[in-house]
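Please take these sequences and the hints and turn them into a complete structure.
Heads up: the protein sequence lines correspond to chains A and B, in order.
Convert by adding 23 to the 1-based position in the first sequence; the result is the number in this note's numbering.
Convert by adding 40 to the 1-based position in the second sequence; the result is the number in this note's numbering.
These aren't lab readings, by the way, just hints derived from the structure by calculation.
Misleading hints may appear alongside valid ones.
Claimed, not checked - No farther apart than 20 Å at their CA atoms in a straight line, the calculated lysine to any residue pairs in the SDA-like style are these:
no.	chain 1	residue 1	chain 2	residue 2
1	B	K163	A	F69
2	B	K316	A	V145
3	B	K163	B	A194
4	B	K163	A	S70
5	B	K316	B	A119
Chain residues, written in single-letter form:
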Amino acid sequence: MTAPAGARGAGRAIGVGRTRVPLGLAYVLMIVFLYLPIAVLFVFSFSTNTTLRFAIQGYTLDWYAAIFENEQLLTAARNSLVVGFLAATVATSLGLAVGIAVVRFRFAGRGLLIALAGAPLVVPFIMLAVALFLLFNLLDVPRSMFTIAAGHSVIALPYATLILLSRLVGLDPAIEDAAMDLGASYPTTLRRVVLPLLGPSLLSAWLTCFIVSFDEVALAIFLAGGDQTFPVFLYGQLRFAQTLPVMIAMAVLLMLGTVTLTLIAFLIRSRSE
Amino acid sequence: MLGRRGSLWFLAVPPYLWLVLLFVVPLGVVAAISLLPGAGRINFNAGWPSLNQYQQVLETPAYLRRLGISVGMAFVIAATATILAYPVAYFLAFRARGRATIFLILLLVPFASSYLLRVMAWKLLLGREGAINWVLTSTGLTHEPAGLLVYSQAAVVITLVYVWVPFAALPIYAALQRVDRSHLEAAADLGAGPWTRFGRITIPMSLPGALATFFMVFIPTVGEYVTPSLVGGTDGIMYGNLIQDFFTRAGNWPLGSAMAVLMLLAVLVLVLLALKLVDLRRVAA
Numbered sequence: 024m025t026a027p028a029g030a031r032g033a034g035r036a037i038g039v040g041r042t043r044v045p046l047g048l049a050y051v052l053m054i055v056f057l058y059l060p061i062a063v064l065f066v067f068s069f070s071t072n073t074t075l076r077f078a079i080q081g082y083t084l085d086w087y088a089a090i091f092e093n094e095q096l097l098t099a100a101r102n103s104l105v106v107g108f109l110a111a112t113v114a115t116s117l118g119l120a121v122g123i124a125v126v127r128f129r130f131a132g133r134g135l136l137i138a139l140a141g142a143p144l145v146v147p148f149i150m151l152a153v154a155l156f157l158l159f160n161l162l163d164v165p166r167s168m169f170t171i172a173a174g175h176s177v178i179a180l181p182y183a184t185l186i187l188l189s190r191l192v193g194l195d196p197a198i199e200d201a202a203m204d205l206g207a208s209y210p211t212t213l214r215r216v217v218l219p220l221l222g223p224s225l226l227s228a229w230l231t232c233f234i235v236s237f238d239e240v241a242l243a244i245f246l247a248g249g250d251q252t253f254p255v256f257l258y259g260q261l262r263f264a265q266t267l268p269v270m271i272a273m274a275v276l277l278m279l280g281t282v283t284l285t286l287i288a289f290l291i292r293s294r295s296e
Numbered sequence: 041m042l043g044r045r046g047s048l049w050f051l052a053v054p055p056y057l058w059l060v061l062l063f064v065v066p067l068g069v070v071a072a073i074s075l076l077p078g079a080g081r082i083n084f085n086a087g088w089p090s091l092n093q094y095q096q097v098l099e100t101p102a103y104l105r106r107l108g109i110s111v112g113m114a115f116v117i118a119a120t121a122t123i124l125a126y127p128v129a130y131f132l133a134f135r136a137r138g139r140a141t142i143f144l145i146l147l148l149v150p151f152a153s154s155y156l157l158r159v160m161a162w163k164l165l166l167g168r169e170g171a172i173n174w175v176l177t178s179t180g181l182t183h184e185p186a187g188l189l190v191y192s193q194a195a196v197v198i199t200l201v202y203v204w205v206p207f208a209a210l211p212i213y214a215a216l217q218r219v220d221r222s223h224l225e226a227a228a229d230l231g232a233g234p235w236t237r238f239g240r241i242t243i244p245m246s247l248p249g250a251l252a253t254f255f256m257v258f259i260p261t262v263g264e265y266v267t268p269s270l271v272g273g274t275d276g277i278m279y280g281n282l283i284q285d286f287f288t289r290a291g292n293w294p295l296g297s298a299m300a301v302l303m304l305l306a307v308l309v310l311v312l313l314a315l316k317l318v319d320l321r322r323v324a325a
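This is the structure in structure tokens:
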């Protein structure tokens, strides 16, 4: 993680006569601003308080233990895993197809495909939520985990496309030509040569999509029928004071999970580049 | 044996179909439903397509006011997040050097943590007996707890700025990394001071990134309904809450659809207007 010597030298050259604005301080203040609320909630999850009030009366692990007795909560968490798995798998596969098509081919509709694959990012989620809600209603598709996963696959697609596209651009097409000169068909070349080379980026894209889905609530509220994902369940429980401490404990636990996954995705990507 | 050209079909068609079926068609469905004249759910027998729903929205000042408030709040939130993120991104791009990656990860970890949890954290901080009031009263800074901080427009703005700020740093950081260092050196050689270099080179070259940040926060925030329903109270609810209500309790889908279409149109007009005002290509060149 050290910069090459050239970059260092260049940085120093510019550094001559730079402003005295304490940017390091700005960064530190930002980090404090970002972590303090989470830290307060983290500490609070171990408190015996049953409402969102200070000061903390005492400390306990009861809320964490109670997670495993709450059947609904565990079901919701399991649903989230299924939805995230489906959405991430679909989004990553489609993102890969978009990436290869766009980087390796010139065809009519290429620009439109790029625009479409990125478009879900620039439409407010409630618009998409309403749209899919009405579509499934018209088609008589009952709302379930699958409808949530379908919605999440659409909003995760821009992320998968972006990650895979940037990796594919850096991949030398001569490698594919070599494989085909040696007699491999194009699909075989993709499977045996391109996919392994993309490996880490694929995993990173998949994890990113999984996290996007796992944490998403605005779309899921509209598309969840009886199968609630964890954020939908949490959203519904937030108005009930007595279950609040357990909900916070579970949310903290899952947060540790997604943060770990994010770090893994990030490390994979920075190592493969 | 499948050639390259033949493979293109297998690559391009599935994503096209998926996006048409689950993105383009549904948006068309909303537009179609918004033209149904009747109230309630979907009723194709209520009469010919009409602009009744739009007329009703446009003639209800409360709806339009809420749309205006939501656009205003989204503007404040996006602008604040961009302005707060800029110096942080600048630090990462120009001062952090070898440790930039680790500092960037540290910045992004909160963004990867649960969205609802972060909203909850602010509820806990801003509540009447929340952490902030507790610190204020127990340190003797104030004798009585300050009025209710949560359940207000301000609470929604603070919470959403908090939610978006780490993400906002990313496009700006990417833009600042692309600022050609030799331009800066050349300017320094020609006698330009640090502030001149910043104003004449760095700012113009990073403006596209800052604008991208602004819109990536602004667009989703206009349609936000989850955070306002948790920390907004009656004052802080947004246009998205009205839409959601028409699809749940109020159960008037055509009217809700018309409101959603109007929101998307408002967003599109604002985005196009902004792109017109700031010619991105000229700024980048």
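Checking one constraint from the list: CA of K316(B) to CA of A119(B), max 20 Å. Satisfied? Holds, because 18 Å separates the two Cα atoms, which is no more than 20 Å.
Straight-line alpha-carbon gap K163(B) to F69(A), limit 20 Å: With Cα atoms ~17 Å apart, K163(B) and F69(A) stay inside 20 Å; holds.
Hinted pair K163(B) and A194(B), Cα distance within 20 Å: holds (12 Å)
Taking 20 Å as the top limit, are the C-alpha atoms of K316(B) and V145(A) close enough? Measuring from Cα to Cα gives roughly 18 Å; hence the hint holds.
Check the hint pairing K163(B) with S70(A) against an upper bound of 20 Å on the C-alpha distance. Holds, because 16 Å separates the two Cα atoms, which is no more than 20 Å.
Checked against the numbered hints above, the structure breaks none of them.
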